[in-house]
Amino acid sequence: MPKLFRTSILIFKKDLKSELRTRYVINSLLMFVLVTVSIIKFALGDEKVDNEILTGLLWIVIFFSASNGLSRTFVKEEEKETSSALKLSADSSSVIIGKLIFNLVLTYALNLLILVLFILITDYQIKNFTGFLLTFIIGNLGLVSASTIIAAIISKANSKGTLYPVLSFPVLIPLLITAINATKLASIGISTDKLLGEFQILISYSIVVIVASLMLFKYVWED
Amino acid sequence: MSNIEIACHNISKNFSGKNIFENLSFKISSGKSLSIVGRNGSGKSTLIKIIANLIHPTKGELNIQENNSNISKENWYLKMGLLSPYLNLYDELTGYENLDFFYNLKSSGSIKSKENIDSLLYEVKLYDKRNEYLKNYSSGMKQRLKLAFAITSKPEILLMDEPRSNLDKSGVEIVNKIALRQKDNGILIIATNDEDDKQLCDGSINMENFK
Numbered sequence: 013m014p015k016l017f018r019t020s021i022l023i024f025k026k027d028l029k030s031e032l033r034t035r036y037v038i039n040s041l042l043m044f045v046l047v048t049v050s051i052i053k054f055a056l057g058d059e060k061v062d063n064e065i066l067t068g069l070l071w072i073v074i075f076f077s078a079s080n081g082l083s084r085t086f087v088k089e090e091e092k093e094t095s096s097a098l099k100l101s102a103d104s105s106s107v108i109i110g111k112l113i114f115n116l117v118l119t120y121a122l123n124l125l126i127l128v129l130f131i132l133i134t135d136y137q138i139k140n141f142t143g144f145l146l147t148f149i150i151g152n153l154g155l156v157s158a159s160t161i162i163a164a165i166i167s168k169a170n171s172k173g174t175l176y177p178v179l180s181f182p183v184l185i186p187l188l189i190t191a192i193n194a195t196k197l198a199s200i201g202i203s204t205d206k207l208l209g210e211f212q213i214l215i216s217y218s219i220v221v222i223v224a225s226l227m228l229f230k231y232v233w234e235d
Numbered sequence: 012m013s014n015i016e017i018a019c020h021n022i023s024k025n026f027s028g029k030n031i032f033e034n035l036s037f038k039i040s041s042g043k044s045l046s047i048v049g050r051n052g053s054g055k056s057t058l059i060k061i062i063a064n065l066i067h068p069t070k071g072e073l074n075i076q077e078n079n080s081n082i083s084k085e086n087w088y089l090k091m092g093l094l095s096p097y098l099n100l101y102d103e104l105t106g107y108e109n110l111d112f113f114y115n116l117k118s119s120g121s122i123k124s125k126e127n128i129d130s131l132l133y134e135v136k137l138y139d140k141r142n143e144y145l146k147n148y149s150s151g152m153k154q155r156l157k158l159a160f161a162i163t164s165k166p167e168i169l170l171m172d173e174p175r176s177n178l179d180k181s182g183v184e185i186v187n188k189i190a191l192r193q194k195d196n197g198i199l200i201i202a203t204n205d206e207d208d209k210q211l212c213d214g215s216i217n218m219e220n221f222k
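Residue numbers (the numbering used here), protein chains in the order written: chain A, 13 to 235; chain B, 12 to 222.
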């Protein structure tokens, strides 16, 4: 197994173990999701709402829960002053890949819960499940990739909480527009082969952001 | 054994326009030790952070050479151990898990670590407490574990910033033993105002001379 992969996995496992013990991110995110989904339910009542609008609402919940939770992985290292120990033990690429894997696992688990709750309370219909699932997987990959490097940047700032949505929104606009569009088309039953254009944009976005993160992260990480 | 040399040439550091120190130069090689002294706020910890590559100097150059060839900055961490008040380990992991994590990171998970970690824990007299979470450690026990972290990979360069903080007599003896061993095997740099720490070192830099 290559060295970079081994050390990244070690960092991912450490983050996962820490998270399962402290519930630093999970608890706040679960509460956030429950509150947001409940508000949507109260706002909609028994009204029948178009899939188009529901798709927008779904991605609003996904975006804000990501902005609420994904920044914590780096902020925690800075706040608890553990980042120096990490800097003296691993190269920067291992750190960003390890954190990226952790954020991916966290996001997929959380978004699965969001999706189940959303379907249960809004009667959201998914007619092309394969297309929807692919959009969901690739869209979240892009979301997590961009969010992770932005989290590393804001962990160095004083106003960490407010900075994240401000910085991430412009970076995520192309991804969000494409992901919302592809999700909407899949939910109304457009076939997967007609969504290939959207998939290409989402995959290209993810690749560009991951490569840029690997190149730029060491400058962020090294003060 | 490889010969390591740290060469610091005219480095200066300022924070938000405020000068901490300027035009500081020194050289130190394997088998030597150095104390960095000066009043509070004189830049001792800042210099230690620069040598550890945790922050960059505003001006000047710092190079580390191994057998006369430069080591790339990205790889300095492989040669270094740091004990410092601004470096914390993970509260939610046990003492053993902390050392195991950092040991495996530095060795890329390729070396069996248990015997080495056990011997480190024996050395800092924390073996009996190895399975307790760090959040339950006293400040002296945390300092001992940080000491074990600093020497986890048997570093060629050992940097210590106020190493006796929070330690009792037995803890101080451990610091002395590790410092003396490091002097024989590599480079030892201590930022301190403690007379006993200064006595451990061959040379000294007074930060007051670089204002």
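By construction, these hints were calculated from the structure, which means they are not laboratory data.
This structure is a prediction, so every number in the text was calculated from the model and none was measured.
Idealized CB from N, CA, C, for every residue including glycine.
Hints should not be assumed to be uniformly reliable.
[Said to hold, decoys possible] One side only, chain B facing chain A, incomplete, derived with CB under 10 Å:
1) Ile15
2) Lys43
3) Leu65
4) Ile82
5) Tyr88
6) Met152
7) Arg192
8) Asp195
Of the numbered hints stated previously, which ones are contradicted by the structure, given in increasing order? 1, 2, 4, 6, 7 and 8
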